[in-house]
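Whole structure, please, built from the sequences with the hints as guidance.
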Amino acid sequence: MSGIARRRFLIGSAALAGGATVVGCAAPERESQVQSFVLQPELSLPGQELWFATTCAHSACGNSVVVRTIDGRAKKVEGNPAFPVNQGKLNVRSQAGVQSLYHPDRLTVPKRRRGLRGANEFEDLEWPAGLDLLTEKMSEARSVVVITGPISGTRARIARDFATAFGGEHVVYETLESTVWRKTVQDGLGARRLPYLDIANAHSILSFGADFLSTWLSPTQYGVGYGEFRQGHGERGRLIQVEPRMSLTGANADSWVYVHPGQEGVLALSIAQVIAAEGLAPPDNWFNVVSEIGGLDALNAYAPDRVSERIGVPVERIQEIAREFAGHQPGFAIAGGPALASTNGLDNGLAAMLLNHMVGSLGQPGGLLPNPELRSTVTPPTEPTSFADLAGRGNTWLEGEPPDAAIVFEADPVYGMPEATRFADALGKIPFVVGIGTIMSETLGHADLVLPSTHPFEEWGDYVPDPAPRQHVVGLQQPVVTPSISGRSFGDILLTLWHDLRPNLAPPWDTMRDAVRASAADVFRGGDFQERWVELLKNGGGWNDAGAPEFRSSLNWHINLLAEPAFSDNGIEYPLHLIPFEGVALGAGDETANPWLQATPDPISTATWTTWVEMNPATAVALNVSRGDVVRIETAHGEFEAGVYISPAAAPGVLGVPIGQGHMFGGRWREDRGSNVLASLAPLTVAGAGGLAWAATRARVRPTGDYRQLPTIEVLPNARNDVEEVIVQVTNGNGDHHK
Amino acid sequence: MQEPVIADTKTSNRELLDFVFAWPAWFFAVGGALNGLLVAAFVVVILMLMFGLQFLGYSHPVYWGFLIVNFVFWIGVSHAGIMVSAILRLTQAEWRRPVTRAAEVLTIFSLLTAVQFPLIHSGRPWRTMYWTFPYDWNRGAWPNPRSPLVWDPSAIFTYLTSTILFVYVALLPDLALARDRAPNPVSRAIYGVLAMGFRGTTRQWRIQTVAGLLLSAIILPIFVSVHSIVSWDFAVTSVPGWHNTIFAPYFVIGAVHSGVSAVVTVMIVMRYAFGLKRFITRDHIDSLARLLIVVATVWLFFFLLDFFFGLYGTEPAEVDTWQRRLVEPPWVVIAITFIICAYIIPVPMWMFRAIRRNFFWMFVTTILVNVGMWLERYMVVVPALERKSGLTFTYGDYAPSLSEFILVAASFALVILGFLTFSKLLPIMPAADIKEGQILADRIRVGRANVPAAMRE
Amino acid sequence: MSSSANEAAARASAVSEMGRTIPTDAEVPHSEGVRWGMVVDLDRCTGCQACVVACQAENNIALNEEQRVLERRAKTWIRIERYWEGEFPNAKARFIPVLCQHCGNAPCETVCPVWATYHNREGLNVQVYNRCIGTRFCANGCPYSVRYFNFWNPEWPEPMNNQLNPDVTVRTKGIIEKCTFCVQRINRAHVTAGTEGREIRPGEVQPACAQSCPTSALVFADLNNSESYPAQLAEAEADRSYTLLEHFGTDPGVIYLKKVDPHAEIHEDEHAHA
Ligand SMILES: Nc1nc2c(c(=O)[nH]1)N[C@H]1C(S)=C(S)[C@@H](COP(=O)(O)OP(=O)(O)OC[C@H]3O[C@@H](n4cnc5c(=O)[nH]c(N)nc54)[C@H](O)[C@@H]3O)O[C@H]1N2
Ligand SMILES: Nc1nc2c(c(=O)[nH]1)N[C@H]1C(S)=C(S)[C@@H](COP(=O)(O)OP(=O)(O)OC[C@H]3O[C@@H](n4cnc5c(=O)[nH]c(N)nc54)[C@H](O)[C@@H]3O)O[C@H]1N2
Ligand code: SF4
Ligand code: SF4
Ligand code: SF4
Ligand code: SF4
Ligand code: SF4
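Residue numbers (our numbering), protein chains in the order written: chain A, 31 to 769; chain B, 169 to 625; chain C, -10 to 263.
What the hints contain is simulated information worked out from the structure, not anything from laboratory work. Treat the hints with care, since some could be wrong.
What the hints assert, rightly or not - Incomplete in silico selection of chain C near chain A, CB under 8 Å: (1) R33; (2) V42; (3) Q45; (4) L52; (5) I69; (6) P148; (7) N154; (8) T158; (9) R190; (10) G192; (11) T204.
From a predicted model like this one, the values you see are computed outputs, not experimental measurements. All residues carry an ideal CB built from backbone N, CA and C; glycine is no exception.
What follows is the structure, encoded as structure tokens:
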């Protein structure tokens, strides 16, 4: 039995080896033969570059890339110009893809746990031994939970159906999840797929905490739009960002507006009230919507003078925002980040959605546009599991009903779930945990068996970008290099197990490549598929225009539902707001093994390689700390250390802390570095959406007396534009450009 | 006023050559200690060659620091020697005789030390060694004539060559003397070759004297050019605080200030170390101190000019640099220290004859001058690089590393060791010159008249 | 022979002619021939750092470990300078990508004793690593501080070296390196165009940073080709174009676009009221 499994694996990897270099532009089909190293693959000429289109499945933004390979080595990734999502452009994380491919600490052989779970004691196994162990344990398991990161397409379908066939379920874990935004879109627009943000044609954008230029959903796509928004059309678009901690998007806003955490919804309703009261948008647009969700009277309770004090935004500022936003249409309002990560996050999101209904840009160029429904169920987009669901499952496991086995792939809930959820313990209750990944993580460190997976550049797959670019898009992933380690792809491992252990329930394909091909054949029908397939691989995927359903004309919500935010503490013992944030390079921590990304300066503080806390100068004075002082940040649920960065943009009473460091596993550049802010968060959830309310934790700060120089790129504390207001003048002292 | 040194030829010869042939114990102690420093520096240099300049305190964007400061310092010290010697020769100042050789030797060794520094300071010394010379080796490219780093080696090596010639010419009669008194055949042979057959014939004396005078005249403009060119390493760049026209004369006079002070220090040390009490007298020190008062004051004047020119232009970057130099810590401490050491303490003290004639106080004040002058170069070079333009984002800081301290300390060791070694091999007092002075001072009775024993030509 | 082939021949012969004919800035009027340049629209730039890592990946720039950052010896041929203005709640962060400006009158070039950095016929400030002796004089001269010194030999732990770009030299210890405008890509385009017997097309050469930049804040082309987008952009946007540290007279080949946003005035007023 295990012999069969082994042979299949060998065939599978041979197919990879062959496929890797052959499927380029106009490559011949039928490459799945064992290939001798003596015979050099046709296309590989020494020194000759070859470009392969594939999907950068590593960062969840769904960018399609072309990888430059020379002599079978990946050299550089560029954006795929043909691909409608990122249009030839890339963000910082996609740029670093090759570095994780050639990471010196990549997992190369299976590992079996020897010590206690999480103690990082493993012994190396040969692949056959690893597979035997896997098959043996899985054959005994009657329920298997499959935990993955935000995967989509064929891979997600295989994970889902596999889990079902093995009497379990597929759980998609996102560290900072998109579930609340998805629910907001469902309730606010009646749309099942995330809307397209027509940034390029917008004249104004009002963002409640959504850091869409940095990490929110699809930043490359948004970046492309943003360039046009600013300088691509006659009227320069204006960006208003409302949030308690200045994000990168906030730093780029024309108006950055501080609001007390969790009060974004109140501000949104207050803006709505001004729009209604001042007639900034035609009543035809909004009268019905407002009536349906509570009416003008309910809205008037949010008049600026009645809420200003409570939310920390001056009355005139609220009015300005309303005029600015409603007066420059088309445009749209979105919500994300801390706004949705409060206990009342869904309400905040829906209040923001109300503004879209009011200004009348919904479905219009420059507003939010509906994305087409799926054309086929074979390539589903990511459907994340909410924090509440996952924490609930964890509790069930802890209470004695764990599944028999768990398969974890590219997801790190042990790192990302607040310690208060005891998720590591819950995972510990599962008798057999298999971790699959390219590099160790906290969760893999808790596994019984760790299997090295191929890198996204070494494997077959597909990806369904969500939000889509108003087209139905499937990005294809093909091996661009021969795997340098004897890894197996996640999909191939599942397929093999499936065929071996549940042959009657197994799908018709043996390998991921066959599965992906079959999915593509299903989605992109018509004509000679072989030609089509080569064309799809050349383009990095396929896309076609598809009609989209219209947005619903009103909200599934009522103004009176808007709740006060709840926090982990009443603010007496823990007086400060702790706002974790994702960095543009490190994201939520999955990229911290990568030295380029570790060394990429945070755009705001210019800090690298560490965990810092952004602090208002006055707060710092009150605590008697200055830049580089190490402080201990304590919450009711944990504590951690961080170096002080005094930021002129930080609000008094708000602590901004980057997510991503504080790992015990994951190689030389990731281990023992900084702290994990997520662990200390309170396990509060967003009402009605189940997401983690990660901005609802309060904290206090204690100086430790230690000092550690902050590794920032800026040399002096806070390089400033002291001379004049604008860059232009710092740099040439010429006032002409002011006008 | 100058009291001639009166002694018979024999005594003079013995006293002046004594040290050459004697091996006092302190010589080994001092030599050993200095060699220890040199070994440490050697290790640092080897490490730098093997593993790059990571051991230095340089960082972006402050890429010059201690080593360049030290280079400028030693180039400065090298100036005085020759200047004192050449000017005194040209003006036939009688009291010069015991001073000149020490001054010249100091010049040679500080120059030789100085040139090491740009070399080890560069990233690839093995190429710097010859690529900066004005010759198209095999690269297919001549050096860039617009770069002061091409002017520098040309000027410095011209200076070094002429200095060595100058010293050599003056040394010829003493080499002959050493040849004649060398205790063993080997050294006799060596001195013999070096003396180039100098036998003291009138013709030889005449040529030697004229050559010395000519070289004195030629060397003065070279010497002015060298430190001017060193100053242009800074002045021709666009770095605020560096690109000042006053830099050339300011650097030259600064060099003379630190160099003459160094000569005084060295002479006082020699007086005690080599037992030259009879040759180095209070009068010598007094004369040099008077010269120093003038030099120091001119130097201060140029420093103030540099400062005022900077402010007068009101160019923000320039003003910022001056602000950093004179107001911001730690530079303000360095600025105050150097002005106090190089001017405020010594010059008023030198106004008093008693101090000018006091070996101890002259020793202290001249050391202070050089401490001050070293810091002055540090203050000229580094703060400007730390604050280069309006892009405040890249402002840097500089903190020298242990390696740099070792290298700087070793440079002093190298000069002292060179000096000691020279004095072991050759008379550090120009014996012939001194004797000439004595002969000129000797008077004989002719009838009732008391006339000089010899007539000047 | 096409003129670009001529050009290539001229470039090839430059090596043997060097010393006599290395063009100085004065000898090459940059209004003639090709002048590669970049237009940086600060209004588009979000500070997202994609260009920074793109450049690291393309140009084999050594890893900037934490210790390197602490020592301020990290190398970033393009860096995003962030300037603060104002205080909370009216604080603003401004981002400027700063790379070698490929100055027409480059202060770094005149001071280099060995022609390791000089101006080529296409307006690039070229850095010839093999010639550099590491005096760092050029780094002093550069007012933009975009020259980085190699304090050690770079190292990539196996198998990370696989990702090194074979078109770009790995720089050894003891020399200066800096943005080259991705000269390897320009040269490749020359070769391709030469083989095909044509001129380089506008937009054919894209440095890594510009290619990645999501917002198209960076655009690269021959500034002297009036048909190139950047040339037209710089022309059309004359009212908001400026060069960095203009008063140094370095004649940069990088042109920045920035106009004050009208909203800034609102805040100034508020500031005044407060
Ligand atoms: N016209 C012409 N012909 C010549 C010569 C000439 O100068 N001109 N020189 C002659 C001489 S001296 C020689 S030595 C021969 C050389 O002739 P060949 O031996 O044919 O040498 P290459 O073409 O350099 O390399 C052969 C192949 O090895 C592949 N390769 C590279 N690394 C590896 C590896 O690790 N494993 C495997 N399996 N393959 C690898 C390369 O991709 C390439 O396809 O040519 C001879 N022929
Ligand atoms: N980039 C690159 N470099 C390589 C290789 C590669 O594939 N690519 N291959 C490597 C290999 S395998 C080899 S063998 C070497 C070869 O490297 P070299 O030995 O340098 O080979 P060639 O360049 O072919 O020839 C050297 C010179 O010999 C001259 N020559 C020809 N005939 C004669 C003769 O009869 N007498 C004399 N005196 N001179 C003569 C030629 O004109 C030429 O200038 O290159 C190695 N280097
Ligand atoms: S920016 Fe600096 S390095 Fe680049 S050409 Fe100008 S002076 Fe030289
Ligand atoms: S460091 Fe290199 S490029 Fe710079 S001036 Fe010196 S030799 Fe020239
Ligand atoms: S690897 Fe080839 S091209 Fe490079 S130096 Fe050696 S011989 Fe020359
Ligand atoms: S042009 Fe090339 S070398 Fe210069 S900064 Fe951009 S990517 Fe780096
Ligand atoms: S990639 Fe573009 S937008 Fe991002 S920092 Fe660089 S120049 Fe700015």
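Mind listing which of the numbered hints don't hold for this structure, in increasing order? Going through the list in order, the structure violates hints 8, 9 and 10 and respects the others.
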